Amino acid sequence: MKQRGRHRRRRRGRALRAALAGTGLALTAAATLISTSQAEVTVDPGALKPLTSRAALDRLSLREQPVPAGSLDRLAARMGRPVGVDAVLGGADRTLRARGACTAEETRALPVEPAATRAYCWAPADATDGAWQPESVTTSGDSGTDGRWGGHRVIVSGWTHRGTGADRDLARVAFVNADDPARLTYSWALLAVPVDGGRDYRGLTAHVSGMAWYRDKLLVTASGGTRDALYVYDLNRIQRATVASDAVGRVPGGWSAHGYRWVLPAVATYRPAAGSCAGIGTADATGPAAAQRSAHASGGSAASGPPCPNGLSLDSGSAPASLVLSQTAPRGSGGHTRLWRYSFSTDPARSGLLAADATGTVAATEAYESRTDGVRGVLAHRTGPAGPTDWYLGRAAGPHGDHGTLWRQNAHGAAATECGASEDTRHCWGDGIGSLAYWRQTGEVWSLSGRTLFAVPLPAVERELG
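For the sequence shown, the positions run -39 to -1, 1 to 427 when mature numbering (1 follows the signal peptide of the UniProt record, and there is no 0) is used.
Please note that a few of the clues may not be correct.
Stated by the list, open to error - Computed cross-link-like contacts, SDA-like style, restricted to lysine to any residue with a CA-CA straight-line distance of at most 25 Å:
id, residue 1, residue 2
1, Lys10, Gly374
2, Lys10, Asn371
3, Lys10, Arg332
4, Lys10, Glu327
5, Lys10, Arg343
6, Lys10, Gly295
What the hints assert, rightly or not - Ranges between beta-carbon positions, derived for each pair:
id, residue 1, residue 2, range
7, Pro11, Ala310, 30 to 36 Å
8, Gly295, Asp47, 43 to 49 Å
9, Arg160, His361, 29 to 35 Å
10, Gly404, Ala38, 40 to 46 Å
Hints are computed from structural coordinates only; laboratory data are not their basis.
Computed from a predicted structure; not experimentally measured.
The beta-carbon is built from N, C-alpha and C at its ideal position, and this holds for glycine as well.
Sequences and hints are given; from them, build the entire structure.
Written out as structure tokens, the structure is:
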């Protein structure tokens, strides 16, 4: 099957080169499609290595720490009755641009093969604000059986402030109304953490490079500058800000959320049961210095030490549903990536929370190691009841490249999409900086490339993978 796929791609590559040569544009088009930095040979990581020892799994344990109900109730009593996602969507004040209205720069890093079937660019004010960077995406396809929340198709995208000043590392999410594929609208909400017993809140200062929506909870990664691994938000506990200022929290005259209309206070956190995520590097950095910092902070490599994920998504095909996570070394460091999962609780009173024992400890149910680095997006999917679970890993592009690599790995081997006539052209995915989310009701994989939101049908990915 794989060999036939390679032959098909070689024939397509020869046909493309012939057509371009006829117009005298072969070299120019080749340089545009695959730059010199992208033409490097991408080493096949091979099969996943199971981590089955008790010690390896115990290192991945988390400790659940709920925000006291009294604190959340006190905050709600002072700010006003919480609202849900419907209210946020109803107040949408921005519109995503369809692909035809995006700039060439915005669409340059979209996947080559398979090509994106849908692509959207943010409103100009957000698209040109370089301090804020989009990092993660999830959808209402994860929230229930019909792929809708309150009757709406919803996309949520997490952004982190990468600039300087008091708002550095603040995190916000865009709630996108996707009911009309031709016109997506959205509104911003600030992610926050209650403090002082619910009498105030502070902004979440962390990279939200991973995100998953399960039932009524939104779970996000908290990497870079924090000792927490995950934060949990209740989508029925969205508060309304009353003062429009750059401040965050209680201010004279009311409550401010850095100028945004909505704020989400965290309802729980998950921290490593042993060790700390403080100072652990993220997958954004490249080069030996970044690799050295990451290895030093984690006690060796990303495949050891405390669980400090940078990738996150939902596997709704497992029983019970589970959260899948990745922790990677910086791209180019030669380090490895650790993959693992936690089960969600089946207790109706713990909707959307992870399965924890009486002490609040959450145990990993399985774990693997991948011989690749620079992984940002992670997705686990089983194509059939008898088939293996495939792990899809989005690897970031090099420092000068536009396109990254999408690997599919399992216990038997690895495969990557190709957009040329040889094994050297695996850099066909987006830039690889965005998380991955599978909308099972539509069969689409959603992600971000640069500042562009896009979708690719999973069957198209599978066809390219052979």
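Here is how each hint holds up against the structure:
With a C-alpha separation of about 10 Å, the suggested pairing of Lys10 with Gly374 holds against the 25 Å cut-off. Straight-line distance between C-alpha atoms of Lys10 and Asn371 comes to about 9 Å, which keeps the hinted pair within the 25 Å bound. Between Lys10 and Arg332 the CA atoms are separated by roughly 9 Å; this keeps the pair inside 25 Å, and the hint holds. In summary, the hint linking Lys10 to Glu327 is supported, as the alpha carbons are separated by about 11 Å, within the 25 Å threshold.
With a C-alpha separation of about 18 Å, the suggested pairing of Lys10 with Arg343 holds against the 25 Å cut-off. For the hint pairing Lys10 with Gly295, the CA-to-CA distance comes to about 16 Å; that is within 25 Å, so the pair holds. Remark: the range hint 30 to 36 Å for Pro11 to Ala310 is upheld by a beta-carbon distance near 34 Å. Roughly 48 Å separates the CB atoms of Gly295 and Asp47, a value that falls within the hinted 43 to 49 Å.
For the hinted restraint 29 to 35 Å between Arg160 and His361, the CB-CB distance of approximately 49 Å leaves it violated. The beta-carbon spacing between Gly404 and Ala38, approximately 44 Å, falls within the hinted interval of 40 to 46 Å.
Hint check: a violation occurs at hint 9 only; the rest are consistent with the structure.
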